[in-house]
Every structure is written in C-alpha cells, then in structure tokens.
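J.: Protein chains in written order, with the numbering used here: chain A, 1 to 554; chain B, 1 to 554.
These are computed hints drawn from the structure, not numbers from a lab.
Some hints here could point you the wrong way.
Which copy is meant is left open, so a pair is good if it fits within one copy or across any two.
[To be verified] Distance condition first, Cα-Cα at most 25 Å in a straight line; then the derived SDA-like pairs of lysine to any residue: (1) Lys367 to Glu351; (2) Lys142 to Asn456; (3) Lys397 to Gln357; (4) Lys271 to Tyr450; (5) Lys143 to Pro468; (6) Lys398 to Leu363; (7) Lys397 to Thr377; (8) Lys31 to Phe359.
The structure presented is a predicted model; accordingly, all values stated were derived computationally and were not measured.
There are 2 protein chains.
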Amino acid sequence: MKIALGQINTTIAGFLENKIKIIEQTEKAVKAGADLIVFPEMAVCGYPPLDLMTYPAFIDTNQKTISDLKKELPDNIAVAVGYVEKNYSGTGKAYYNSVAVIYNGEVIHTQHKTLLPTYDVFDEDRYFEPAEKRTVLNFKGKKLGFAICEDIWAENIGDSRLTYHIDPVKDLCNAGIDILIAPSASPFYSGKTAIRRQLVESLSKKYKCITIYVNAVGANDLLIFDGNSLAASAKGEIIMHCRSFEEDLQILDTAAAAVIPESNLLEINNKNENLEKALILGVRDYLQKNGFKRVNLGLSGGIDSALVAVIAAKAMGPENVHAYGMPSRYSSDHSLSDAQKLAENLGIGFEVLPIEQMFTASLETLKASLAGTQPDTTEENLQARIRGLLLMAWSNKKGSLLLTTGNKSEMATGYCTLYGDMCGSLAVIGDLFKTEVVALCRYINEKTKYDLIPENIITKPPSAELRPDQKDEDSLPPYEILDGILDAHIMKCKSFDEITALGYDKETVRRIIRLTEKSEYKRRQAAIVLKVSEKAFGNGRRIPIARVIYEIEK
Amino acid sequence: MKIALGQINTTIAGFLENKIKIIEQTEKAVKAGADLIVFPEMAVCGYPPLDLMTYPAFIDTNQKTISDLKKELPDNIAVAVGYVEKNYSGTGKAYYNSVAVIYNGEVIHTQHKTLLPTYDVFDEDRYFEPAEKRTVLNFKGKKLGFAICEDIWAENIGDSRLTYHIDPVKDLCNAGIDILIAPSASPFYSGKTAIRRQLVESLSKKYKCITIYVNAVGANDLLIFDGNSLAASAKGEIIMHCRSFEEDLQILDTAAAAVIPESNLLEINNKNENLEKALILGVRDYLQKNGFKRVNLGLSGGIDSALVAVIAAKAMGPENVHAYGMPSRYSSDHSLSDAQKLAENLGIGFEVLPIEQMFTASLETLKASLAGTQPDTTEENLQARIRGLLLMAWSNKKGSLLLTTGNKSEMATGYCTLYGDMCGSLAVIGDLFKTEVVALCRYINEKTKYDLIPENIITKPPSAELRPDQKDEDSLPPYEILDGILDAHIMKCKSFDEITALGYDKETVRRIIRLTEKSEYKRRQAAIVLKVSEKAFGNGRRIPIARVIYEIEK
C-alpha cells in the first residue's frame, strides 16, 4: 500500500485555506500513486482552536468543510483528515476530536480520540468527550487502526502525575491491525523529536505493525509544530522521515520501504539547530498568520536582543527588520557600537534615538509629585518605558510588529520592566534561559563561520545599563547558578529543601524563589512566549498571583 | 443537629493562615454548641491553587495541614474541611478534590468530588481524578451526604455544551440521606446568587432532605467568591443565609430552624448592589493578599476612571487612593474640573501632571525617524503611554498598586492603548460593558443620595481626548448598539447571521466582530479582570491570536 504523509501547515479557523491545501496535497499524492493520504490532527480547523469551539458556527463550518471535501477531493484515494465531530449521544462533552477517512465521496471510517491531554498547554477535556471505542478499518486488504496524537502516548505521558485508564494502541493492536496511523499535532520542545522517534520505533516493534506518524507543522501563537513526521517498519526501523519545521509530502510504499540511514536523522538530536529553526518558524508564522510583514525591536548591544535580531532577520528577511539603538546617560560606548556592528552584519535597518530628552522631561514632569524621594528602580523603569514607547511608536506608524527580547531567566526573576522592555507582541526567546541564549549564539556564529554576532556582545558581562556601572550580577547570582536554581524550581517543580540539597546556597535559593513567585503579575501581562522547552511561561504554567509563598516560609 | 456554616476567606497556599482561621471558627462553633462545622471547598489550600498543585511540596504541605488539624482542632465537633487528597489507585490523575470530616482527632469520613468543572474559568480535569463512589456518613443518628460544589449542579451545568454522566446528588439521595452538605467555592457573577438559591431550594424539595450549602468568600485574583452560604429545609424553604461578600459563621439547628423572611433575602436579586460589593471585595482582597495598602489611578474626568476611583476609595479608604489628572493639549477644561470635583467628593489624593512637555519631547525624539509620515493613532497612543509611564512612576516610587480603568466594551473592541491606559495590575471594571458602568454609577449616586460622581461625568459624551474634538462615537457605534452586539458575540457566542437577525446593521456587526477578534493580542497582555459576568475576558475566554476571522468572511 502506498501511503502519503501530508505534513501541512494549517491556520486556526482557516477553513477555506486549509481545505484548499488538503485538496492540493491530495492531488499530488494521487499523481504519485498513493492509496491513502494522512493529514495531521484537526487539519480542517487548525490546532488548537481553543474557545473558538464554544461558537456553534465554528463547529458547523468545520463540518461543512468535511462535506465540501467529500465533494471536492479526487476519487480513488482515501483521505484521513482531522476535524471536530459532534457527540450525538446526549451525555458528556458536546464534541469529539476525530479523524474521518473520506473515500470516493463518502466517509468510510471515523475514529474519535481517546486520550485527551489536559496538562501543560493542553486543555482537551475542556472541549472533548473521549472515544468510547476504537475500531479497525479494512482498506485494500490491510487492517488500519487510527490513534490520534496523545492516543499513542499512553506509555510515555507528558505529565508524570497521570496514568491513563486505557491504552488505545494496545486496544487496536489486540484487535489486529497491520498499520497504525497516528495523525498528530504535537508541539515542539527541545529534545521532543528524539523522544517521539523512540516512541514510534518501540510501538512498531512491540506490536509488530507499521506506524505512520503524521505531525502538523507550523506555529500557532506560542506552539511550534515541528513536522518531523515518521514511519517505522514492523521491526521498529525508521522507513520515512519528513522535513523538520517545513511542509512536506512523502509517499511511503509499505511493501518496498528502505530503512533510512542514521546519518539522515542526525538533526533530530541537534539541540541548537532545532532551536534556531523552531524560533525562526515561530516568528515567521506568528507574523504571517497575523497579517504582518515587518518587525522591529530595540538593540541594546546585549546578547538577548542580538539573538532576537538574528532570528528575525532569518525569519522575515533583513529588509523587513528595523532596530532602534536607544542610548541613555548610563549607556556605555560599546553598547551602541556593538549594536551597530550587528545591524550591519545582518543588513537590518538601524537608527539611534537617544532617550535623554524624554528622560529629562519625565523627571521634570514628575518632580513636584515625587519631591523628597530618593532615586531607586523607578528611574530605571522610566528609561525602559521610554524605550518601549519609542519602539511602539515605530510599530504603530509603520505597521510593524514589535518583538520583545527578554530571556527566561529575566522573565523568571522579574529582572525586566513591565511596559518597558517587556513591550512587544511576541517573546521570541522567552523560553530560553540566559545560558541557553549564549549557547545558541555560539552555535549560530560557528555555523556562519564568522562572528555574525560580534564576540564582544557574547562575552561582555550582562548589564541593563539603567544606572551607573550596573551589572546583572549586582542583583542576581551568576547565570550558571541562577539557571540551575530556576531549572530545579520551574522545570522540575522541586521544593526548597530539594534545591538546596543540590548544593545551592539557602539564602540565594530563597531569594530566587521569592523573586520568581513575586513576578507572576509581570508574566501575566507578558507577550506570548514561543514554547521550546517542556515548561514555558504562559498557559503551560498557571500560577496564582495573590498567594502565600509557603515554599520559603520558615 | 446543630450545624455551623463556616464561611471563611482563605488565601491560596496560605496553609498556616487558613489553618488558624479554621481552628478559630471551629472553637467559636463549639461554644455555640455545634455538632458539625462545614468549611468551603479546598479551604485548607484556598481555591483555585492552579499549577501550584504541580509541586509535590504543595500537596504534602496540604496533607500535613490535615494532620495538624487532627491534632489541633477541638474535640466533640465534626469538622468538614476541603483539601487535596492523593489518588493511590495507580491510574488516573494523581489527586482528588476532597472533603475530610475530622472528629476527635480522626478522619471519620472522606468524600472526593465527582463532577470536575472544566469550562469557563475552571480547569479541574487538569488536576483531579473524579470520585469513583459517593458514600453516606452516619453521624449522631443522621445520614449525611457530601457533594462538593459542581457535584450539586448536574441538572444545571454552567456550560450548555455538556451533560454529565453521573448525578452525585441523586446517587447520594438514592442511598438515603437526611442532610446534603455542599462545601463549595462558587465564584460570583451577576445573577448567580439567585440561581444558586433556586438550585438549593429545588434539590431540597425534590429529594426531601435538608441542604447545607457553604460557599467560600473573598477574592483570589480574578475570581470573587460571594459567600451567600445557604441552608434549605426538606420542603425547599431557605432556613439560613450567610452574609454576602464577607466572612460569616452561622449555626443552624436542623430541628428548630425557622424560614428566613423573603425581605431578608432581597439583596440576592439587586444587580448593582451586588456588583458594587463584588468589585470592592475584589479590589480589597487583591491588594491585601498581594501585600499592598495603597492604589493609584489616572482620573480622566470620564465615567470609567470615576467609577474605579469610587470602588477604590470604598475598598481601601480614600487616604490610600492617589490620582493623577494628566491633561494634554487636547483635553477639555471640564475634564480636569470634573476629575478634581470627584477627588474632592471622595477625599482621595489628586495631582495634576500635564503631559505636554513629555509629548513634545517624544515627538522631537521621533522626528527624524518618523519624518514624512502623517499624524495617526501613533500620536494618540503616545499620549496614553506617557500617562501610563507617569502612573507607573508613582506606583513604583510609592509601592502603590496601579488600577486600570478600562471597561469591557473598550477591551472588546481594542479601544484602548496597550502599555498606555491598559497599564495597571487589576482591571477593576473590565467585565462591565459601558452601559453597565453608567447604570452602576447611577445606582451609587442614588444610594449616596447626592452626586458623589458629578453628573457631568455621567452625562457627557464619552471621549478619549487624544485628538481635537474626538468622541468615542466617531470610532464606535453608540454604546447601546455596541454593547448589544458585544453581548450577542461574546456572551452568547452567536454567529454573524444570528446577530444581524437581531436587527443590527450588517456592516456594523462585521466591523465590531473584526475589531473584537483583532484585539485579542491586547487582551492577552491586559491586567487581570475582576469577573462579575458569566463570561469575562481572561482565562474564561481563550481565543487564539493568529487565526482567520472566518465569521465575517464572505
């Protein structure tokens, strides 16, 4: 049997656009002689549509699209396509997350999803009723079983606090299938591609069936779908691998598939290569799907904004990237020259706007009101906010989308100014700790084979330059230590005692936990963060603002 | 049997504070001769703790608190207290949302929650496994059944797209109970108190059992718990009603309870009285639970900031409220004089900071960069952002929490400036449409028996005053029409066709839907909105940013 893997990039609620894409890919698959083409989970409406599903018109339009596809798809090919089905049983949630197999104008098979991820960024129990049963499709002499995304993860759930009651793959395989087909919308995080590969291999081997894993590609807001669709033989060998971070259409002949050489699968394991591609796709799709072509940002001469500028230039083309250098009375000379050099290397627009006049005006405006007070972070925040205001002026005037440049270490500890450097629609590197930012910059320079990012930007001590001779390390521990504590506290949910048992100083741990938890109000108003780790700030980590920080009470 | 209703205000993760409160209330109940005291759902840890539950230490501390209570609670009284229990079965989610009944140092009964709301602001499937069974507690000759919050709502679910598979109350009543006890954390929205009363009455009547409904009180971030705990006789008559929007402890003698006169229950139905109380509690608890005493805000002379100032003064005392009037070259004279008059009426601090110097400085700073462009909303946003910057300076310098003053109509249509008038930690009236803002102001003036809010503020045509002679109606339809369309689109999830069928102009509906959906990126960075309606902006309405607005495609 010839099976096409239709790894497409869909848009949320883009019923018409998505339908056209499905039909075009199917036509190509027909030309290549495919018997079946498989599209990602919820390809008809995009994933995740979230509360758009609370609109009956959304569900109806999605079902109308299935009706249209029945009429408009070519004949003589089976098309497995994800959509939202209604639950007509009268109990439970109103909808199913489903796959329909359309063949010669008819839906010949439907499978609802059984395991509904409701952890991290996923809220599927909010919308869907789980499948009551899993059935086998007999098609052209083969027995096919459909397992939708999470359905294949029962043995390896993304939440350690959960054990599913059912294993849909086991269920299907017990019923006897030749081919396991897994339409998915599995978002990227660093390291996930390798985990996914291992899963597909082990399921195929365990159940002695071919597995066809078709993942979505493209970014929807914070989620980046990496593609990397796979097929494995009944021996558990990889016999097909689609491109990462771009659309792809590959045809697998199940009767004559060769094992993919390991050398062709190396990128799966390259952390920085994947991170760079993920962030580029994340920026590009957020812009395109929101109707923007141009981006702007502030270039401070520091490493964070430098990395964002590189990503932006690669995502949108340097001609669509515009940067302001905005020196203050506290800026060092190298800040401006480093930023300027980077802008030249990238070929992006760069202008210098000193903030002194506005800073002076703000101090004078506030003089009487704040009379008798001492300088503190207020004056530092003023500078950051003036910069945010100038960047937003360019954004508004030019129809350009402002990117914000804070990293995860800053966002964690609140070492950033709300309505200041936090201005912007998309936090490009908000899910990279500072140490990861440095590593990715080094990777990019190595790959470019010259200092695309000037070495001084990478090596100089990080500073916000908001008061004389300020350094990040005046307020925070060195980043290696900070990131270690944050990894334990945020990523691994360790307790105060467990973190100090790792060897970190008690007072430092206490201070970092306090800073992190006290900064939740800032993160709640932050730009959406491109998710590239197992736990990103945003809807994958939902923390109350008003709370007792019981963790550090004595 | 004498049953105490312990309507307490708990803090998220405030294990120690909550425990002390539980013990103190229990001691009072003992003095009053109570056999049993009932506390709200999850009283030990506060509701909702959200992803704090992903920290094992959180669950352990919560269980340690139950152990402590066993030792520290007085004897001879049964104490029903909500907490998080571990699921030791090995399958499903790791935790239960449970109530323990502690008596003489032992847990004599445990009931897990069966129905886990996973819609609107609720995410209980994210954390909890549903109860497998519901059991009856025999205590002092009475049969007691515990149903936790949503468990009593099976016949009247807050999500029309859902029908539960089980009705826990029916289950318990079939097993035979004398008293139904419902520890709850049921957040307020306008009209909900009356719905809740009706439910308690009808369940009691239907199943011929006494119902004891103990609700939480106090605000946790966006959610305001209104108290209003109730008891109904087996005939469905209200025999106990606790205070609304404040803590209360009431003792019900089930053998000798009198029916509460209807005149004592009138406030349940008074929309504006409840709204005012809810917002005051929402502001007060957000401040107190975050460790703030003082608030500040901008007073524009318009109705929205006027209402927020009134609420703030009532919540924190006028001496803790500070306002800036920030006139620009486009401000009318009455703006400043109206704001000044209001501040005097309220007795709050008021200072005038003209923004002209900063506005000029910003235009000059940007002059070369934006050369050759025409004035547009960029210059309007500059003014709003300068005001935000000044307000944040006061906030930073004085340790005062900035309140943002936008209403729901503005937040819906994006008629507000991100990082400008949207600055602030709490959107006090962000869940009131403009027409509701006007109605609440009129109510407040009527109640005060004089124009606490100067009449001119209420009656003048709304204007942002960001360009010469600007009026809201230049950009938006009249608020009666706008709010009607928004109610249909946002609150009732109606389609374009359904909304125009109500009689609204097609182009206007198209424009309002487009504005609303295109403004999602602003709302994602908005302050948390105090929820006072069935559907508030925030985590009760989760809409993708990058999407096709299929609703208005032709």
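J.: Please flag the earlier hints that this structure goes against, numbers listed from lowest up.
T.: 2, 5 and 8
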